[in-house]
Amino acid sequence: MGKAFDITLVGEFLPQLVQYLGVTLQILAVSTVFGIVIGIAAAIPRLFRIPILSQLVVVYVSFIRGTPILIQLFLIFYGVPALFLLFDIDLTRMDPLYFVMITYSLSNGAVFSEIFRGAIQAIDYGQTEAAYSVGMSDSQTFFRIIIPQAIGIAFPNMANCIISSLKDTSLAFTIGVMDMVGRGETLIASTAHALEVYISLSIIYYIVVLVLEKLFRLFEKRVNRYKPDVVSSA
Amino acid sequence: MIYLQGIKKSFRNQEVLKGINLTIEKGKVVTILGPSGSGKSTLLRCINFLEKPDEGVVQIGDVRVVAEKANKKDIMALRKQSAMVFQHYNLFAHKTVLENVMEGLIVAKKMKKAEARQRSEQVLERVGLSDKLNYFPSQLSGGQQQRVGIARALALNPEVILFDEPTSALDPELVGEVLAVIKDIAKEGITMLIVTHEMQFAREVSDQVLFMDGGVIVEKGSPMEIFTNPREERTRKFLKRISGGLPVHWIQKTAY
Amino acid sequence: MTIDIPFMWTAFKEIIKALPVTMMLTLIPLFVGFFIGIVVALIRVYKVKGLLAIANGYVSFLRGTPIIMHVMLIYFGFPLLIDAVAAKLGISVQTQLIPISTFVLTALSLSAGAYLSEVIRSGILSIPKGQVEAAYSVGMNTFQTMVRIILPQALAQSIPNFTNIFVGFLHTSSIAFLVSQKELTGAANIVASTNLKFLEAYIAAGIIYWLVTILVEGLSSLVEKRATSYMRGGVR
Ligand SMILES: Nc1ncnc2c1ncn2[C@@H]1O[C@H](COP(=O)(O)OP(=O)(O)OP(=O)(O)O)[C@@H](O)[C@H]1O
Ligand SMILES: [Mg+2]
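Same order as they appear, the protein sequences are chains A, B and C.
Using this note's numbering, the letters of the first sequence map in sequence onto residues 1349 to 1582.
Using this note's numbering, the letters of the second sequence map in sequence onto residues 156 to 411.
Using this note's numbering, the letters of the third sequence map in sequence onto residues 127 to 362.
Misleading hints may appear alongside valid ones.
[Claimed, not checked] Chain B is nowhere near these chain A residues, computed Cβ spacing over 12 Å in every case:
id: 1; residue: Phe1396
id: 2; residue: Ile1471
id: 3; residue: Ile1495
[Claimed, not checked] Pairs of lysine-lysine, DSSO-like flavour, derived with a Cα cap of 27 Å:
id: 4; chain 1: B; residue 1: Lys227; chain 2: B; residue 2: Lys207
id: 5; chain 1: B; residue 1: Lys264; chain 2: B; residue 2: Lys250
id: 6; chain 1: A; residue 1: Lys1515; chain 2: C; residue 2: Lys214
id: 7; chain 1: C; residue 1: Lys173; chain 2: A; residue 2: Lys1562
id: 8; chain 1: A; residue 1: Lys1562; chain 2: B; residue 2: Lys264
Simulated from the structure, these hints should not be mistaken for lab results.
None of these values were measured; they are calculated from a predicted model.
C-beta atoms are modelled at their ideal positions from N, C-alpha and C, and glycine is treated no differently.
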């Protein structure tokens, strides 16, 4: 195991690792945006009880929630190229970053779809009736009355999901992505100071999580300003 | 004018409305009394198709909808003829008091924003809430919320306003302020159909009183007739119970 | 490349042998973490002077960093710490003889403690004040009120959250393979690379995790029905 512990190395490693924070945030941003798109698409069949599609969504959500992200990562990493090979397309040289983005988008999509569905179902049916009573159509009711309130309910859960997916990105290095942890691994290989590298990485993750939490809380206050108290329980 | 013909409605195997016929002239205030579960709410909700009747005809103003043939467009048209005040207010939780009232004007009536705002402010002044325009419903008392509910309905200037027990979720000391507002607008000549358990109020405000039981209209008449001299035994029993066991002559004494 | 279905079955049978290791890496941390969680939650609920800042910092840091970091920090940090202490005391400890699983279990227990303390704390806070007042009114002291009235309700109500944490840690235990533990993912990795059939091996592993998850969720909803029967009105 490594050389003698040297705390000053943390100061040396931090700036080198932070340069790769961009990659981590890029994975997070892409997988959040695509996750929202997938989440909406997957929530629709269940909300409107579309046969077959809704059963497919149930299986998709159950599988994602039933397996570790690490396994999902490997399945996409080995599975997607195998799938494309059937059509004579060779993806073996594709940047693993894309596989990570696909995995986390699919993973977030499943979680988001459950969050969206739950949020919409949580809205009191009286809101819909009131909207009908003033003469709104179905779509006006959905977009003007239900969705704005559902966003308020969904947001704190989405924020939690995004933060845990940030932490999950720390596993992307296992398929060879050069993000912060990937860079950390190369530092360990060249310096043999593993503990100092992991301390530095932990510090960066912690700070990013704290900043995200702060931002989300501010935003949540705005979204839910109509509620009597806006303190979230998280 | 409201015209109902042969309205029937069942939930599962239970027939809740057994063929309701009713005509209400324009500008009249009609209250519906009756024991719990007699179908009062269901009748009200069938009029704006929050519940779709199984059979029958609903006509409000010049929009006439036959239940069996009703499509989305008909239902929308019918709903635009009416407005509703709910027992639990059902204010749009994410919108301010002013926005709650403006919402229907902008979306359903396609009114210009400035005009909608002006009209909403007027109506809110009418119900005594000019100082609460930018509050959210969660920041108001029950009585204030229900007055917003009334303003939201009133602003639409509908053919008829349907009230479903507008005061029964309120603390006793808040009932008065809401009833006062309803009485005030009743003078205006808007057609109103009110389900209520407030006998004193029903007597003062109504042109006509309906007594419902078991999915039918058992009896209808002027408040004087219903409260002082009900023809049907069921009506008499109900009134006796609701007046807290006081003898009927007590009601007679307090009637006009 | 096509998928070799018969091999998937072979892989399944081989990988599932590692299920006990995965269960151990899941259950032990949750068990230890539960006690850490109760203590930390109580410190935070009662705002115990001196300990509150430590408890808050512990929960915030562990929930704010990836669990793999905890594993790595303990894995690389603990031996150094033990060596340093041993050197001070003048005894010799052969840290390389400590099984790696000890470090993994320590790290996962600490993480579980942080997550569980949040669940327990919000469970406690969700119990209406009236319950405390009622307990005081029949003469209970603070400790009795907590143990007899608040905690039972708080824990029963938190069962869905406990299930989420259970499933979360079942899945999290997969990272132990990164420090060469032969649990489900580790076993899948071995099967995959010795036969060069990666996809089949990971599909098989995925199915095992999936089945266990469904089982756990099913059991939990049964338990929840029993434990929260007091909340349903009417006849049991
Ligand atoms: N959506 C529904 N599904 C099933 N049954 C219903 C539904 N709505 C009403 N009912 C039943 O129809 C009957 C009449 O209900 P309704 O709400 O119209 O009574 P009500 O006269 O308004 O009573 P209350 O004074 O208690 O409000 C009741 O027996 C009720 O259980
Ligand atoms: Mg009713």
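Hint check:
No beta-carbon of chain B is positioned within 12 Å of the beta-carbon of Phe1396(A); the least distance is around 16 Å. Residue placement check: Ile1471(A) does not keep its beta carbon more than 12 Å from all beta carbons of chain B (closest about 8 Å). At roughly 10 Å, the least C-beta separation between Ile1495(A) and chain B is not larger than 12 Å, which violates its mark as non-interface. With a C-alpha separation of about 11 Å, the suggested pair Lys227(B) and Lys207(B) falls inside the 27 Å cut-off, and the hint holds.
At roughly 18 Å between alpha-carbon atoms, Lys264(B) and Lys250(B) fall within 27 Å of each other, so this suggested pair holds. Straight-line distance between C-alpha atoms of Lys1515(A) and Lys214(C) comes to about 37 Å, which puts the hinted pair past the 27 Å bound. Only pairs whose Cα atoms come within 27 Å are accepted, and Lys173(C) paired with Lys1562(A) is accepted, the gap being roughly 23 Å. This hinted pair does not check out: Lys1562(A) and Lys264(B) have alpha carbons roughly 42 Å apart, beyond 27 Å.
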